[in-house]
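Chemist: If you read the protein sequences in the order shown, they are chains A, B, C and D. Read the first sequence against my numbering and you will find it ends at 256, with the numbers running on by one and no gaps. Read the second sequence against my numbering and you will find it ends at 256, with the numbers running on by one and no gaps. Read the third sequence against my numbering and you will find it ends at 256, with the numbers running on by one and no gaps. Read the fourth sequence against my numbering and you will find it ends at 256, with the numbers running on by one and no gaps.
What the hints contain is simulated information worked out from the structure, not anything from laboratory work. Any given hint might turn out to be false.
Where chains are identical, the list cannot tell them apart; a pair therefore holds if satisfied intra-copy or between any two copies.
[Claimed, not checked] Okay, derived cross-link-like pairs now, PhoX-like style, lysine-lysine, Cα gap no bigger than 25 Å in a straight line:
| no. | residue 1 | residue 2 |
| --- | --- | --- |
| 1 | K72 | K150 |
| 2 | K49 | K15 |
| 3 | K211 | K49 |
| 4 | K154 | K72 |
4 protein chains.
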Amino acid sequence: MEKIEIRDATVVYLKKPRLKNPVLVEGLPGVGNVGKLAAEHLIDELKAKKFLEIYSSDFPPQVFVNADGTIKLVKNEMYYAKRKSGDIIILTGDFQGMSSRGQYMLAEAVLDIAESMGVEMIYTLGGYGLGMEVEHPRVIGAATHPEIVKTLEKHGVVFKGEEGGGIIGASGLLLGLGMLRGMRGACLMGETSGYIVDPNSAREVIKVLTKMLKIRISLASLDEKADEVKRITDRIKSIEKSMIEKKSGEDLRYIG
Amino acid sequence: MEKIEIRDATVVYLKKPRLKNPVLVEGLPGVGNVGKLAAEHLIDELKAKKFLEIYSSDFPPQVFVNADGTIKLVKNEMYYAKRKSGDIIILTGDFQGMSSRGQYMLAEAVLDIAESMGVEMIYTLGGYGLGMEVEHPRVIGAATHPEIVKTLEKHGVVFKGEEGGGIIGASGLLLGLGMLRGMRGACLMGETSGYIVDPNSAREVIKVLTKMLKIRISLASLDEKADEVKRITDRIKSIEKSMIEKKSGEDLRYIG
Amino acid sequence: MEKIEIRDATVVYLKKPRLKNPVLVEGLPGVGNVGKLAAEHLIDELKAKKFLEIYSSDFPPQVFVNADGTIKLVKNEMYYAKRKSGDIIILTGDFQGMSSRGQYMLAEAVLDIAESMGVEMIYTLGGYGLGMEVEHPRVIGAATHPEIVKTLEKHGVVFKGEEGGGIIGASGLLLGLGMLRGMRGACLMGETSGYIVDPNSAREVIKVLTKMLKIRISLASLDEKADEVKRITDRIKSIEKSMIEKKSGEDLRYIG
Amino acid sequence: MEKIEIRDATVVYLKKPRLKNPVLVEGLPGVGNVGKLAAEHLIDELKAKKFLEIYSSDFPPQVFVNADGTIKLVKNEMYYAKRKSGDIIILTGDFQGMSSRGQYMLAEAVLDIAESMGVEMIYTLGGYGLGMEVEHPRVIGAATHPEIVKTLEKHGVVFKGEEGGGIIGASGLLLGLGMLRGMRGACLMGETSGYIVDPNSAREVIKVLTKMLKIRISLASLDEKADEVKRITDRIKSIEKSMIEKKSGEDLRYIG
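Construct the entire structure; sequences and hints are all you get.
Modeler: Written as structure tokens, this is what we have:
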């Protein structure tokens, strides 16, 4: 008779890169998928290499099927890119933890990894849901230390200036739990309606982040995605408009 | 004062058979009960012997009462059958894990057992719910490696050819978590309405599986079960039809 | 910095009695509270002594306030009574575990205790909900072994004779998990409407149990409780009847 | 490959004060926020110093944003104040545990800390929800020992004198679990509607507590808060009244 205990998360190292003063950038699924879009853009543009996968019983018990019929287990992933201005680790993935306990556990697992690699600064990326369309999204900020707030303000990041707002999920926890380990960090939230996947908002977040990281990357592919989303939403709006016009025309005929 | 901790699962070995290159076949309750029907058919036809039981706090806290008044605790079970073409282990049971955590834990427990017995290949069986009746169910596939996809295609298994589908529960997790241990595997999903227990779909799954395993077994009892289900559903349909006709007859009289 | 882990249950021994071939009798809250009523009656009539308390994080996070203003934490309790025909341990309490995991954990904790005291036979007591009033409740049974079924049948216990029924909660788990430890046991379920606390049903369960245990105890206090419940339900029925009559009288006047 | 386990709570000591016969006072969020208001008032008036923080995966996975743009992880906190009449430890925080398991675990963590500092007496503060407005809230009590009940009665605390009430959450558990460690304690619950944050009720609780602790503190700031809440609720009532009057005036015109 054997007793089996639940393992909450499994970390698989594909390689263990040696990095110089790396910063950690987090972009997981969330409001408008802003954080994930930004992180994926960064991975593409920096040609970042995957070095680690995180599997967890707090993700859905599910595999995805690829176009070629093969499968992949849902997971989070960490990538790295070496840069003269300082190496970069990027965290992204399919899901955030589903439960409160899992959120904490996964954040601690990520921080254990980050700490072991020498990370002292964390940027978490996300969306700031407005519930209505926003043409020129601003980037809302929060940070672990007042001097980071000041630096971000210089780069156009907006701080609300009032107590009580909250950041829920990995973007909040990585900073909050990181502080307990003496880490520093900032959360960059692009304004977004929250109704659609929002590359337009992700681009604004990337603009601030690249200034902070002192790197330059092309925004062309995010621009393209933003244009495509705009084309689709414009088409939907025009269909809605013509339906309303048609309907009021019908109504007129009906009344007349 | 004593402190008690939860044990998540208990594995009870009835015997420890020595097997040659065994494959693991999983068929637990799910859509149309296709996987469980197929696994049970395999156990019956191969005269497979039970060697192991898994009890878990992630199953309902429940016992079943047998016809003779005795009870049995809800569980999963593993059987084995020795074949010249390669030994076979079959996993079936009363329930899948109820929570996401339990699903992962139970899949890991099964993989621990399978690994210790030398399993390198896993077949997971299930239903593919269509939400409507299907006369000639196809078998939809997914696999851990492209070459398995190719072999399955030769046996008539259909691959969707588009990204994004998901396999939820034990049939997905055993493959996904198995890959992390270097195992290979395939999921065979028989198309089914999802509304009834579907031996017709289970038969198609078994046909593919036996070709892959290079074994021959009778399908007669699945044919019988399929006929019985057809008889029952036909009777229900005919009752429904006559009720509709009677009702429209009444309506006519009422109108006239 | 300290890390704290959850403890799932705490067992507090008030004393450690030495018992001869004790049987375990369980009666926790459930359908019609039949099991708990029966267990409490047994404790009173046998003048059983409390020797152990079980506290658990799977009970509600709650204390009760006594009439004198003092408090008591919710718990389960175990009592013992020494009898020539064999010693008896009785388990009762305020709650059953709230989650499936907790149900399993608490059942294992109770079995650990029972095993350490030499228990080989378990009686679990409960209600069998019918959803309608029952004047002469029968006792429905289930057991771990066919020979126990036969003995119970001699004492008038009814067995359904068909597969598929289930016993949910402690009354099922203690037997099911006990079997894995080589223990024997029976579940005695008194028929009850399930709508009210039912001493009438508890009495029938006690009658069978005392025959099995070869003990004699007075049923007077259960008779009294049953009479009181009958008085209350009769009064409610008579009020309902007069309200219906009054209403139909009003209706007649209204129509007339 | 690394396995990660969940840590349920993390206790961070800012300092380890040496205290003489300290009592523990708990005031966490709850009905009318009475307990938290009272605890915060005590901290302010006693100029108590924070010495410890508790973080837990049973709190929401969230950080708060301060007015200056910095963040703080949700937590519980413990403060101490040295007094000739006996030192005082005060527990307050952003949240109580969200699950039953977490409630138990956090209460045990607090008791571990309290025990290690020599605490033998605990006061838990909370609101007693009436569901209707109460002008002169009484303080309802419960205690671990009859002699504490008597002392509290002398200070005007009301005891219900009937069995069956329950105290849910930290205010109940700290006393119930504390008793298992030989600690003594009392729960002081200020009557409150439960609909608003209620400094008026908190003041009555503080009055009793300070008598029990033989300390004197100003109630001025609680009086101010109570006045402010009264001003706001009076304004709301007057708006409601004028709306009702306006509406009935409109109705009259409409009918006339």
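Chemist: Now tell me if each hint is right for this structure.
Modeler: Cross-check of the supplied hints:
no., hint, result
1, K72 - K150, "between (43 Å within a copy, 18 Å between copies)"
2, K49 - K15, "within (10 Å within a copy, 43 Å between copies)"
3, K211 - K49, "within (22 Å within a copy, 41 Å between copies)"
4, K154 - K72, "between (42 Å within a copy, 23 Å between copies)"
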